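*Asks:* For reference, the chains in residue letters:
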Amino acid sequence: MKKVATFPSHNKPKSMENESHGIMWVFAGLNLIFLCCAGGLFLFLIFESYPIFKLHGFDFWLGQDWWVGEAYGALPMLYGSTLVTALACLLVLPLALAVAIFISEFLTPTSRRCVKAILELLAGVPGIVYGLLGVSFLSLWIKDVFGLLDGNTLATASCLLAIMILPTVLTLSEDAMRSVPAEYRDNALGLGLSKWQTATAVVLPQALPGIMGAVLLGIGRAMGETIAVMLVVGSLDRIPDPWFNIFSSAQTIPSKLGREAAEAIGEGTHWSALMALGLTLFIMVLLINFIGNRFLKRRSIS
Amino acid sequence: MFRMLLFFLVAIGVIPFPVSADHSPKIEIVGSTTVLPIASRAAERFEKLQKIEKFKSSHRLRILVNAGGSGVGIHSVAKGRSDIGMASREISPSERKRFEGSHLKVHTVAVDAVACVISSEIYEAGIRDLTRQEIRDIYLGKIRNWKEVGGPDRKIVVVDKERHRGTRHVFMNYIFGNPTAKTPGTILVTGSNNEEQTKIAQSDSAIGMLSYAWINDEVRAIGIRDNKSIVNLTRETIRKGNYPIVRNLSFITAGEPNGEVKAFLEYLKSPEGQQLVEESGYIPFT
Chain Z
1 MKKVATFPSH NKPKSMENES HGIMWVFAGL NLIFLCCAGG LFLFLIFESY
51 PIFKLHGFDF WLGQDWWVGE AYGALPMLYG STLVTALACL LVLPLALAVA
101 IFISEFLTPT SRRCVKAILE LLAGVPGIVY GLLGVSFLSL WIKDVFGLLD
151 GNTLATASCL LAIMILPTVL TLSEDAMRSV PAEYRDNALG LGLSKWQTAT
201 AVVLPQALPG IMGAVLLGIG RAMGETIAVM LVVGSLDRIP DPWFNIFSSA
251 QTIPSKLGRE AAEAIGEGTH WSALMALGLT LFIMVLLINF IGNRFLKRRS
301 IS
Chain S
1 MFRMLLFFLV AIGVIPFPVS ADHSPKIEIV GSTTVLPIAS RAAERFEKLQ
51 KIEKFKSSHR LRILVNAGGS GVGIHSVAKG RSDIGMASRE ISPSERKRFE
101 GSHLKVHTVA VDAVACVISS EIYEAGIRDL TRQEIRDIYL GKIRNWKEVG
151 GPDRKIVVVD KERHRGTRHV FMNYIFGNPT AKTPGTILVT GSNNEEQTKI
201 AQSDSAIGML SYAWINDEVR AIGIRDNKSI VNLTRETIRK GNYPIVRNLS
251 FITAGEPNGE VKAFLEYLKS PEGQQLVEES GYIPFT
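The listed protein sequences derive, respectively, from chains Z and S. If you're matching positions, the first sequence starts at 1 in our numbering and goes up one per residue. If you're matching positions, the second sequence starts at 1 in our numbering and goes up one per residue.
Chain Z extracted, bound-state conformation (with noise of 0.2 Å):
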């Protein structure tokens, strides 16, 4: 309490005062708590991938052979997930920024509210069905389409990537858009610039911030998708021939996660080089963020 009543205090009543900090302190203190859950998570995943790395160095990045019990290579696992997310987002940025320009600048607000209802439910819908439908139906349909082996590929998971994340990056895009100032437009259009120019040239580099937080969340749920990508990607531990054959069957680190963590749960190098792919993962999402905020600020002070 001592502390609370120490902070500088404005021309405000006392009792106020006391009030909002002491609020003050709880949420400081919920937001420790988060802290300290990511960082323990960090220190868990290095504290169980430890052995893994004391046994085979950095090497476990550069090794091509998954064998339980005598190797351990995460090069195939950390390539598919890096391919299958690049390729999603490849996917759903044109299609998410089109729509959202759209839904952001050209409908009424009421038509705007019913498709922003729709697909916020979208965004909901857990990764299971996702990919269960991508079984039945989008793994056929590529094979199909493109004259395949089989359609159990990089591409597909791509493909249903593309469309879980494809509402989230939406609706967010849109939010982004529609937060910028109606001033803008109507100084845009007041000089004479089209719609479709005042959305291009004044809407579009203004929400650019909060395009790139939307993208960058899709990019985090599509990196860590597991179920669905697990279902349609082939699962198999090796890097395609060539490199860039999108139309083999692939896997991804939370594929590899989901397959085989409950067989190794709990301790052993098979445990260990799991939790080291989970370490991966959690530092390539970080990066990501890291990377996606310095291009950010770089934009706007230029």
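Don't take every hint at face value.
Quick look at which bits of chain S chain Z covers, simulated, 3 or more residues with Cβ under 8 Å [as the list claims (entries may be wrong)]:
1. 34 to 42
2. 156 to 169
3. 190 to 198
Computed list of lysine to aspartate or glutamate pairs in EDC-like fashion (alpha-carbon distance at most 16 Å, straight line) [said to hold, decoys possible]:
4. S:K182 / Z:D175
5. S:K79 / Z:E267
6. S:K105 / S:E272
7. S:K79 / S:E100
8. S:K147 / S:E121
9. S:K147 / S:E124
10. S:K182 / Z:D65
11. S:K228 / S:D129
12. S:K48 / S:E272
13. Z:K116 / Z:D175
14. S:K182 / S:E256
15. Z:K143 / S:D204
16. S:K262 / S:E47
17. S:K105 / S:E95
18. S:K97 / Z:D175
Keep in mind the hints are simulated off the structure, nothing from the lab. Owing to the predicted nature of the structure, the values given are computational and were not obtained by experimental measurement. By construction, the Cβ of each residue, glycine as well, lies at the ideal position given by its N, Cα and C atoms.
Got chain Z; can you put chain S on it based on the hints?
*Replies:* Quick look at chain S alone, frame taken from chain Z:
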């Protein structure tokens, strides 16, 4: 402000409690998806039997059956995360050694065969049997086209299973003489019997391994050819022991079972339980 803090503390403190308030007896069964049909059938009947016997008791026995694979089953029963493990293979020497302290006990209830299965399209195109060597070469990636074994000119979709799966252990043990053989010819890796069955049925040129009970019109079992003689997969050839890839389906406990677990295992071995084995598509163990 104190009230608020108190509220938060209470809110945080209260959350975990409702979950642990359940005291009714419970059996948790985890493991092989091959044994799972037997377990879930038996669980359903056994729960009903218990309900009639202990009509006045308010605590009703609950049996939870979960998939995961033989490796998961053995692991989780040894670690005490479940009461009974299901396994469609023997406990391997390394597992025996690793879980020595758990005194794993095997209760075999049924006999099953692991079939080499192919997509119905290939079966109809005339492939009815393969030799062990041919299957081996397909899994090694030396044979990549059905043409090379007398089938249509179509590439082979080689379907493998996760390495800890019991079906894979038994199948690879027969084909390669090594339960954890490496298979560079693989195109797809699947997990449960259901998943593998679906993926082979969806493909028109796949080969894979499946438990006897999972074979149907879209996923056909082929015979194993040895010199001139062919052993097809039928109930008769399994029962007589002619079919080469047979295995026991077992439930595993850590130490001697007692209480509800013992009663459940005895039920499985009783004539009624063996009837359920037959209903699930397996051969009773007698």
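*Asks:* Which hint numbers doesn't this structure obey?
*Replies:* 1, 4, 6, 14, 18
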